[in-house]
Amino acid sequence: FGTCCRQLCDYPKNTNVHISFPAVCFVWQTAMIILFGIFIRYNEESDPHWVEHKKANNLSDLDNDFYFRYPSFQDVHVMIFIGFGFLMTFLKRYSFGAVGFNFLIAAFGIQWALLMQGWFHSLDAEGKIRIGVENLINADFCVASCLIAYGAVLGKVSNVQLLVLTLFGVTLFAVDEYIIVSVIHARDAGGSMSIHTFGAYYGLCISWMLYRPNLNQSSRLQGSVYHSDVFAMIGTLFLWMFWPSFNSAISDHGDGQHRAVINTYLALASTVLTCMAISSLFNKHGKLDMVHIQNSTLAGGVAVGTAAEFMLMPYGALIVGFCCGIISTLGYIYLTPFMEKHLKIQDTCGIHNLHAMPGLIGGIVGAITAASASKSVYGEEGLINTFDFEGKFKDVVPTQQGGYQAAGLCVALCFGVGGGILVGCILRLPIWGDPADDNCFNDEAYWELPEDEEAASPVLHYNNHMQNKDV
Amino acid sequence: FGTCCRQLCDYPKNTNVHISFPAVCFVWQTAMIILFGIFIRYNEESDPHWVEHKKANNLSDLDNDFYFRYPSFQDVHVMIFIGFGFLMTFLKRYSFGAVGFNFLIAAFGIQWALLMQGWFHSLDAEGKIRIGVENLINADFCVASCLIAYGAVLGKVSNVQLLVLTLFGVTLFAVDEYIIVSVIHARDAGGSMSIHTFGAYYGLCISWMLYRPNLNQSSRLQGSVYHSDVFAMIGTLFLWMFWPSFNSAISDHGDGQHRAVINTYLALASTVLTCMAISSLFNKHGKLDMVHIQNSTLAGGVAVGTAAEFMLMPYGALIVGFCCGIISTLGYIYLTPFMEKHLKIQDTCGIHNLHAMPGLIGGIVGAITAASASKSVYGEEGLINTFDFEGKFKDVVPTQQGGYQAAGLCVALCFGVGGGILVGCILRLPIWGDPADDNCFNDEAYWELPEDEEAASPVLHYNNHMQNKDV
Amino acid sequence: FGTCCRQLCDYPKNTNVHISFPAVCFVWQTAMIILFGIFIRYNEESDPHWVEHKKANNLSDLDNDFYFRYPSFQDVHVMIFIGFGFLMTFLKRYSFGAVGFNFLIAAFGIQWALLMQGWFHSLDAEGKIRIGVENLINADFCVASCLIAYGAVLGKVSNVQLLVLTLFGVTLFAVDEYIIVSVIHARDAGGSMSIHTFGAYYGLCISWMLYRPNLNQSSRLQGSVYHSDVFAMIGTLFLWMFWPSFNSAISDHGDGQHRAVINTYLALASTVLTCMAISSLFNKHGKLDMVHIQNSTLAGGVAVGTAAEFMLMPYGALIVGFCCGIISTLGYIYLTPFMEKHLKIQDTCGIHNLHAMPGLIGGIVGAITAASASKSVYGEEGLINTFDFEGKFKDVVPTQQGGYQAAGLCVALCFGVGGGILVGCILRLPIWGDPADDNCFNDEAYWELPEDEEAASPVLHYNNHMQNKDV
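In the order they appear, the protein sequences are chains H, V and D.
Going by UniProt numbering, the residue at position 63 of the first sequence is 63; the numbering climbs one at a time, nothing skipped.
Going by UniProt numbering, the residue at position 319 of the second sequence is 319; the numbering climbs one at a time, nothing skipped.
Going by UniProt numbering, the residue at position 130 of the third sequence is 130; the numbering climbs one at a time, nothing skipped.
Since the hints were derived computationally from the structure, they do not count as laboratory data.
One thing to keep in mind: the hints can contain errors.
Just so you know, same-sequence chains aren't split out, so a pair can sit in one copy or run between any two.
Said to hold, decoys possible - Below, a list of computed lysine to aspartate or glutamate pairs in the EDC-like style, where the Cα atoms sit at most 20 Å apart:
1) Lys375 <-> Glu390
2) Lys55 <-> Glu390
3) Lys54 <-> Glu381
4) Lys55 <-> Asp252
5) Lys128 <-> Glu44
6) Lys394 <-> Glu52
7) Lys284 <-> Glu448
8) Lys54 <-> Glu44
Given these sequences and hints, build the entire structure.
Structure representation (structure tokens):
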């Protein structure tokens, strides 16, 4: 009882972000405005001079990249805000935090990503970053890695910590992606390596650094209720449906985008069946578990991220999905409890099963598919076109490319682990307003809850009742 | 009390799909991989050789069918997974089954549909099926008919039965569609006949074969709660909004797609008003009924499915919607209870009112519109283009085409009724793990529910309370 | 107790729309059919003769405006039906009314808008209105202004009143838009003036005319519950994500659409951070308030509506979003209570903060951006192209255009205020079946609720309990 009291007294101090959160928001947003003022301009296709450029080059309006990319961009946008946001609403009392902080991370992250990625990729001779729709897609991609990391620490950190996680996450991602794509010349259209592997290990290492031995004090809040599971399915399904757009959004125009969609569509379909089969098989009454359906059905999309635009072949996509559905679901059943108990990694959403393992598989599948590419399958021009064997990479052969892909995977892994440990150290400082162990997974810490919520919520009723009994 | 006890004891045996469900999933998914390995390849536009083909034919990237069809494909995809899935979440305690089994059916069905439809439509000289984005749309369409059928048996069958329903449903659909579209040469862009009429009668006949005289034992679970009705509206609205994409997704490029969108948009708008009017008029206090709003507002989209790409004229679309809103809502008020009582057809979602009747109307509207087509309205080339009067059908005249349309409707009806009876017989075998009469509409049979669900759910509280009182 | 009794007795009389609602629906829908029959035809691009037109003009299928506009149209469509509908579901017991009446208003409004806007903009020499996808987008836009107005009177009016509000709202909008865009020649792609400013003041003035001094009798229903707030976030996020499509949907092909997307994307991202910062800063425990997150995060999209297609510059968009996030959130904290108390304007959803103020800001930003346009920034052709300095407006210079923009804002304001007062007078007539003061924000008045809702809803339980105690 004394402990309980003390914690209740500590509570306002612990989670006090009254000054720090608004301060960080205002300062960082002001910094964004200044940096955008200095660096960011419209690119050729979003500038009013385009009408002259169009005439000079005998182009049509449709040649504007906008019409190739915008529908995919909007699908990716939905995945970021609705998909990731609602996927995390499964906790009975952390839906506001799931969807609200997801919104915060993404809204800040896309701005910072436009700058970071711009400095690496789009800086022109005048020192300006020229942006268009492809940059917006890439910014969304970059933010995805931070949202994956959020999944590991969901409910255990403050909004200020999340902003710090995002600031460093985006920075690391931009460097990581630059090395993988531009220096090493690995292909990674759907980001199995740069987004999923990096993001997942980044989040897992942060969670490891922030290990809470007494987290079971919040165990009453660490489950779902019926309707929160249905909300989470909104996230799952939008991610599942639009994943083909994710993996094809920045692929080459024409056959590249087309093929990436087909492969992703098939891999995801296959995953659903094996995920459900394993979920039922390993349940003592043969029942399905919503946690698996919400998460593991997506593993196939992660695992074809790198190879989606390659000649993976339709049956190859099905095989990848088949395996990932099994591995990811078994991960939830065996690996997540093991990691929590023995490795001190508390992974709220099980991102190790949904992003880390499938991401690694995706990197390996990409390396093998690239290494086994041949002119007979791709055609001479097709091979050059698909793997971008141009400029200083014009003499690369597929087996070499396979090696580059493997190197890319290692880089992603190193950045994830290294970055996660570094940022985890920073987030351990006692200044960020994170919640007490018995107050994790609880929206009450950072959100005004509806006034008569106690009356409205049988869960809290029940919990209060239980607590009274305990006392 | 004795009966109750016995049923509780029977319960684990009844719904035991511990072995059968995973076995079916694994075996069928493995079969898919093998068949895809043998048959499925990328088509010209999703193959890396396309870059050469493009140059040879002086095409631009935008000529890839991907850019004509992909936005519509994604809309259709959302209708299949979110639309149908959430539409069925209205039951107070069957939301997991609604959205989860919908997911399962669709994920399996699209794979089998790619094969079945491919064998009939896309088999090339080498015996390979060449797939592209249009095949993905058609696979989604095919699955829609099975999801419609699911609506009739919602809550009364096991997941294994649903997979069997899908296997046969997709097979029958592919044959049915081949006869209607390729043999008879009826036009059916939005599938009023091949998707809705077929799917609805298929489901209704299965439900008839599986008639449960004692289903009222589950009547406590056969209604909605406040939030489950709001979830269902997510499904309704996504279906309603994207129906123009559904009816135009495989129409001819250019004016065909454009016109199909306009007609569907108008028919649906008109339906909303008459549906709400009838719902209010036939309620004793003039109140609206959520069941009608969730379902009957969609009837107009079904009924313009066939004629959407024809010259139905904007006012014609409004008239079709006007009538369907009335008929469908009256169906819910009078016909569904009548069918349950006198025809022994238990139709959980009322698919007879949403798909069967509007589908028949759609077929008839299509036949009349086709028969009354003329060169003065369509133009000479427009007529050929719209009705595909080419090749061996180049001498067909509109009145003949009207006859073909009517014949197509009869074929759809026969396949639906015949197939439903056949598959219903198979599903009556006592090996499929279907729930007991007092356990229908209950997620508990096939899903791990959140642990403190009993405490969290006032409904169950209430029901338990009532049951205790009864005992 | 006596008062309570009397009100309960009055209740069936008060909200009786048993005859009037179906009658209005049927008569108006029939009128739509007749008017569509007389006036509405397909335009060139949705007519079967297009195939001939295409050949004659050497066009490709892709030149059909359908492929430029359809993806944006579908995004706008989602905003109208899911976005606005779910945004208003936040009330604990008015979710059916929010999403259902939103559906009703929009379905009727789009038909009437096609006619009204057609008469002003698309009437051809034969007296026919030729419609295509751009008309569908404009109809959705028009309806948006009525849905904004609905936000002010949410829960306080009957469905018949809403139809009247829509009939007049659409009519006023069409005149208002004609004057702004065609007569004054102000540019307003995203409708900061014509949609948001007009719609908001229209709704606020209606709410002012319908002032209810005893509305606190419904105060028990005037808040949210946990899950209704999560539902509202679905609306918020779909509005937020698709707002770039809204502001770019009818912009010029090519760079215009492209630029409008970038500006809107950035303005919205910036708004999220300042909105959350202010929400936390002005809360006594630094907690975030869901009302602000649901609404004020969208203010940036409203405020760049006019200037989105201009050279606002990326940092300019961020600055606009920055300011609007602050102003809109402060509006919820200070202005809404002030307006209710002192100005007798009861604004259920706070549309003054989300639409009125940001709309005014948007008009002003548009005027300034237009006035400061120059050939050096836009290029000679770009300037003509962006501001449409053609035909009788070919001699307009940017400073003049700035004046036109300001004039457009004034027109929108006048139409909103004047129209609102007029329609408010009409809606005060005691024939519309509006709810009693103690029955506002209650779905029970117009919807059949699930039967065991009382048992299912702890809120009502609680309220009943409280009421019993009071008595």
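How the hints compare with the structure:
no., hint, result
1, Lys375 <-> Glu390, "within (15 Å within a copy, 39 Å between copies)"
2, Lys55 <-> Glu390, "between (29 Å within a copy, 18 Å between copies)"
3, Lys54 <-> Glu381, "between (27 Å within a copy, 11 Å between copies)"
4, Lys55 <-> Asp252, "between (25 Å within a copy, 16 Å between copies)"
5, Lys128 <-> Glu44, "within (12 Å within a copy, 40 Å between copies)"
6, Lys394 <-> Glu52, "between (34 Å within a copy, 18 Å between copies)"
7, Lys284 <-> Glu448, "between (40 Å within a copy, 10 Å between copies)"
8, Lys54 <-> Glu44, "within (10 Å within a copy, 26 Å between copies)"
When the structure is compared with the earlier hints, no violation turns up for any of them.
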